[in-house]
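> All chains, full assembly: derive it from the sequences and hints.
Letter by letter, the chains look like this.
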Amino acid sequence: MNQNDKRLADSWPQALAFEEQIKNAIVGQDQAVRLVAIAVFARGHVLLEGGVGVGKTTLLRAVARAIGGECERIEGTIDLMPSDLIYYTYLDDQGKPGVAPGPLLRRGGGLSTFFFNEINRARPQVHSLLLRVMAERAVTAFNREYSFPHLQVFADRNRVEKEETFELPAAARDRFMLEIAVPTPTQPDILDLLAFEPRFHDPDALLAAVAPGVLAFETLNELAAAIQAGITATPALKTYVRELWRAASEPEALGIRLPDADSGDLIEAGPSPRGMSHLIRAARVRAWLAQRSHVLPEDVQAVFPAAMGHRIFLKPVYEYRRAELVPELVGRILRSVAAP
Amino acid sequence: MRLPPRPSRKLAAACALAVATGWADAAPTVRLAAPHAYGYTVGDTVRHVLTVDPEPGDRLDMASLPQPGPVNRWLELRRVAVEPGPGTQLNIALEYQTFYVPLTVKTLAIPGFSLRFTGTTGTTTAAIPAWPFSVSPVHGLAVLSGDGLDAVQADASPAAPDTATPLIRSGGLALAGLLALAYLGHLRGFWGWGRRGRHFREARRALRRLATGGGGEAAVLRAGFAVVHRAFDRTLEEPLFAERLPQFFADHAAYAGMRGEIEAFFQASYALFFGEGGVGNYGWDRLENLCRACLRIERNRPA
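For the record, the sequence lines run as chains X and Y.
Residue numbers for the first sequence follow the numbering used here, so the first one is 1 and each next one is one higher.
Residue numbers for the second sequence follow the numbering used here, so the first one is 1001 and each next one is one higher.
These are computed hints drawn from the structure, not numbers from a lab.
A hint or two may mislead.
[Claimed, not checked] For lysine to aspartate or glutamate, the following DMTMM-like pairs were computed, each having C-alpha atoms within a straight-line distance of at most 20 angstroms:
1. X:Lys6 - Y:Glu1276
2. X:Lys23 - X:Glu197
3. X:Lys315 - X:Glu328
4. Y:Lys1106 - Y:Asp1155
5. X:Lys238 - Y:Glu1276
6. X:Lys238 - X:Glu250
[Unchecked claim] Here are some chain Y residues the structure puts well away from chain X; computed CB gaps all over 12 angstroms:
7. Thr1123
8. Ser1134
9. Pro1161
10. Leu1184
Nothing here was measured: the structure is a model prediction, and the numbers come from that model.
Yeah, the Cβ is synthetic: ideal placement off N, Cα and C, and Gly gets one too.
Laid out in structure tokens, this is it:
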């Protein structure tokens, strides 16, 4: 066992403990929790999508607490400007104007999670600033550059309301490694628990049960690099991923058609190369969480909907039916491509 | 022709559809109902109905009725029928047919005859008058042989109807219909039985071909695994992956008996294609045995 393998083996129980801590606070969302864990260990930014009151914010607060480090959040509003992320102005006790760092700068390099609530309420100018922060983990302000080497951005998107919202442009969506659906629980026992169990009525008390700093946030980048280096992908798996990518870009070429949409005219653009790299990064983490040293097709399949769904750009005429068409298309792609 | 002497009998005759009425001394009343007396040509029939009201006690002498058969050279009495009417009334139907070939419009007459009645007072007769009518030719006389042209000939025999063409056409349509049905069946997958249950048969043939090319080679082993994977994919009708095996066994219960072998195959395949690259003790023979066992299942219970 080389040094890297030992590092991976040592960290594995820590990863499972992290997942368990999140599941203590968030019930009935095991799939979402697993995908969030994958994104954390792949160091990818996450977009959460779900209805109102399903626990997206609680999930993210639990993640931030378990990761450790500094956490900041901002609420997306229609009048939010990019500068609001960077600084704010005020009058001090003596009535003198002052400028103070905004949520992005306030915590300096120790900022580990930045939570953008209801991102689609913010204007595209704000999205642009966020793009740079996500891509470079840095921002320029007050004539100097601030760096956030451990930053992971979480954003959530309320998909119920469409009024006064600004959908994320394709480039912004592509920056998110995963778009994780947080569905409304339907199992009766989970619903009973959420409705009647007093523990779930107070989010703060619920989050207090999550052990803080289960993961050492400063080590995550190094652990992520070790995972990517230590988990192998064989030529057969590469072929499989290439076929999946081709199917997501030109479904009609593989005979994949949706019954109520013309596949030949469905796709505006398929997943980008960055999207493919995010897919493989996430698949490697899943393999590691399963204590494997190599990626299986099942690892790719497990993360494919979350990694690819938001990167398949439909023609404008179909975009309005995105929530219905994309999951169906993704399902058909996975059921059409064989491996080995 | 003698007309009835009494006004009451004249009145009765006028009310009838008949065109003539005859009587004899104290003879029964006879009314003749006949169709129109014009527009006939060769071969036409004329139907006369005589309504006879005998005097009380009188009886028709059936021997006085005209007998069916030729009346003259151009007229034949085809049928005579006597039917009783209400009370003592009798209805006598006479059907004549004319064979006169007229060259122009010509008036002919069906000859009259007498009906004889016998009664308590003796014998009386009722005279049925001759019935004139006109006959016409069916063609003109403009073309005559005297002008150097052919004389009018008998009509040519009609040509025999063409029964071959409709037969061929029906056969063609039936064939087209069958082909259309076959194509529809193809579209609906009715002919799936032809393809059913042949996935592992094809896989076994492919394995044999691979084996003859050198079964021990690593590349051949990989090709053999891929061949068996395709057979499972086709059986499931979508790619089969290791994580979906429990569902596969639930949906294809016939293969559940081979569960251990199939899981071992997937384990070896995943190690070969996605893992360290080796298959351990999983050799070519085991792959062939698995394929053969699946072929037996496939033959017994096509998927």
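> Confirm or reject each hint.
Do the hints match the structure? See the list:
no.	hint	verdict
1	X:Lys6 - Y:Glu1276	holds, 18 angstroms
2	X:Lys23 - X:Glu197	holds, 15 angstroms
3	X:Lys315 - X:Glu328	holds, 16 angstroms
4	Y:Lys1106 - Y:Asp1155	violated, 23 angstroms
5	X:Lys238 - Y:Glu1276	holds, 15 angstroms
6	X:Lys238 - X:Glu250	holds, 18 angstroms
7	Thr1123	holds, 101 angstroms
8	Ser1134	holds, 81 angstroms
9	Pro1161	holds, 54 angstroms
10	Leu1184	holds, 20 angstroms
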